[in-house]
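Given chain A's structure and the hints, the job is docking chain B onto it.
This is what each chain is made of:
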Amino acid sequence: EAGVTQFPSHSVIEKGQTVTLRCDPISGHDNLYWYRRVMGKEIKFLLHFVKESKQDESGMPNNRFLAERTGGTYSTLKVQPAELEDSGVYFCASSQGPIRSYEQYFGPGTRLTVT
Amino acid sequence: DQQVKQNSPSLSVQEGRISILNCDYTNSMFDYFLWYKKYPAEGPTFLISISSIKDKNEDGRFTVFLNKSAKHLSLHIVPSQPGDSAVYFCAASAKADQFYFGTGTSLTVIP
Numbered sequence: 001e002a003g004v005t006q007f008p009s010h011s012v013i014e015k016g017q018t019v020t021l022r023c024d025p026i027s028g029h030d031n032l033y034w035y036r037r038v039m040g041k042e043i044k045f046l047l048h049f050v051k052e053s054k055q056d057e058s059g060m061p062n063n064r065f066l067a068e069r070t071g072g073t074y075s076t077l078k079v080q081p082a083e084l085e086d087s088g089v090y091f092c093a094s095s096q097g098p099i100r101s102y103e104q105y106f107g108p109g110t111r112l113t114v115t
Numbered sequence: 001d002q003q004v005k006q007n008s009p010s011l012s013v014q015e016g017r018i019s020i021l022n023c024d025y026t027n028s029m030f031d032y033f034l035w036y037k038k039y040p041a042e043g044p045t046f047l048i049s050i051s052s053i054k055d056k057n058e059d060g061r062f063t064v065f066l067n068k069s070a071k072h073l074s075l076h077i078v079p080s081q082p083g084d085s086a087v088y089f090c091a092a093s094a095k096a097d098q099f100y101f102g103t104g105t106s107l108t109v110i111p
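Top to bottom, those sequences are chains A and B. Residue numbering for the first sequence is 1 to 115, as defined by the working numbering. Residue numbering for the second sequence is 1 to 111, as defined by the working numbering.
It should be emphasised that the hints constitute simulated quantities derived from the structure, not laboratory data. Note that CB positions come from ideal geometry on N, CA and C, so glycine has one too. Misleading hints may appear alongside valid ones.
Label pairs and their computed distance ranges (CB to CB) [claimed, not checked]:
no., chain 1, residue 1, chain 2, residue 2, range
1, B, K54, A, Q55, 25 to 33 Å
2, B, H72, A, G71, 24 to 32 Å
3, A, G97, B, S12, 34 to 42 Å
4, A, G40, B, I110, 20 to 28 Å
5, A, T115, B, K54, 43 to 51 Å
6, A, E85, B, T45, 26 to 34 Å
7, A, R22, B, G16, 38 to 46 Å
8, B, E15, A, R64, 43 to 51 Å
The following residues of chain B were derived to be distant from chain A, with all beta-carbon distances above 10 Å [as the list claims (entries may be wrong)]:
no., residue
9, Q2
10, V4
11, V13
12, E42
13, K56
14, K68
15, H72
16, S74
17, H76
Chain A extracted, bound-state conformation:
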């Protein structure tokens, strides 16, 4: 069974540009999460989808970030326009059900560098 995949693995963009990150969860996992880790800091929750619905987006930093999960399968996270402080590793994770009851599986992350 394929794990959580993320694309691209690395992205280097200039301040003001747009970047779209993609996450493909494990097949059949209705719950999808986005996290971000700024270098050396904690892994921070961004948002949580259940199927195509946003269950919790309390961690989204500001309105430059837009997450979608059309059809309840893969998800995209768009940053527009990117700022220097958006640099970090963006992780996606998926689970069969609530993560207090089911294991959460992480993807390898997308390293975003904004210059």
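What follows is chain B alone, placed relative to chain A:
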């Protein structure tokens, strides 16, 4: 404000000895705790969990201890092996389906 803290950024241990990784939290509503292990260029993988109704949970070489009064948990790895070298994150959850992570501790097990 960070609710889960791992104050040791790194730890080195000789192979065969015990590794002890520590984690402190501030939110008294947290009732479920996990440890994740992360290798370079990979995502975190689940290692072990503990509910606040317990003070210890053991899985093979890994044991997690929870001290609710001190708001402290620790992960013990005995015996440590070179393959255990990784970054370890603790995470905590209150009732909501969201985890708060620490900053991680990089463990190096020296052969």
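Structure-based check of each hint:
1. B:K54 <-> A:Q55: 25 to 33 Å: 28 Å Cβ-Cβ, so the 25 to 33 Å window holds.
2. B:H72 <-> A:G71: 24 to 32 Å: Taking Cβ atoms as reference, H72 (chain B) and G71 (chain A) lie about 44 Å apart, which means the hint is violated.
3. A:G97 <-> B:S12: 34 to 42 Å: About 38 Å separates the Cβ atoms of G97 (chain A) and S12 (chain B), which means 34 to 42 Å holds.
4. A:G40 <-> B:I110: 20 to 28 Å: This hint holds: roughly 23 Å between Cβ atoms.
5. A:T115 <-> B:K54: 43 to 51 Å: Holds - the Cβ-Cβ distance for T115 (chain A) and K54 (chain B), about 47 Å, lies within 43 to 51 Å.
6. A:E85 <-> B:T45: 26 to 34 Å: holds (28 Å)
7. A:R22 <-> B:G16: 38 to 46 Å: holds (43 Å)
8. B:E15 <-> A:R64: 43 to 51 Å: At 47 Å between Cβs, range holds.
9. Q2: violated (6 Å)
10. V4: violated (7 Å)
11. V13: holds (21 Å)
12. E42: violated (5 Å)
13. K56: holds (19 Å)
14. K68: Holds: least Cβ distance 17 Å, greater than 10 Å.
15. H72: Holds, because the least Cβ-Cβ distance between H72 (chain B) and chain A comes to about 17 Å, which exceeds 10 Å.
16. S74: Since the minimum Cβ distance to chain A is about 18 Å, S74 (chain B) lies beyond 10 Å and the statement holds.
17. H76: holds (21 Å)
In the structure shown, a violation is registered for the earlier hints numbered 2, 9, 10 and 12, in ascending order.
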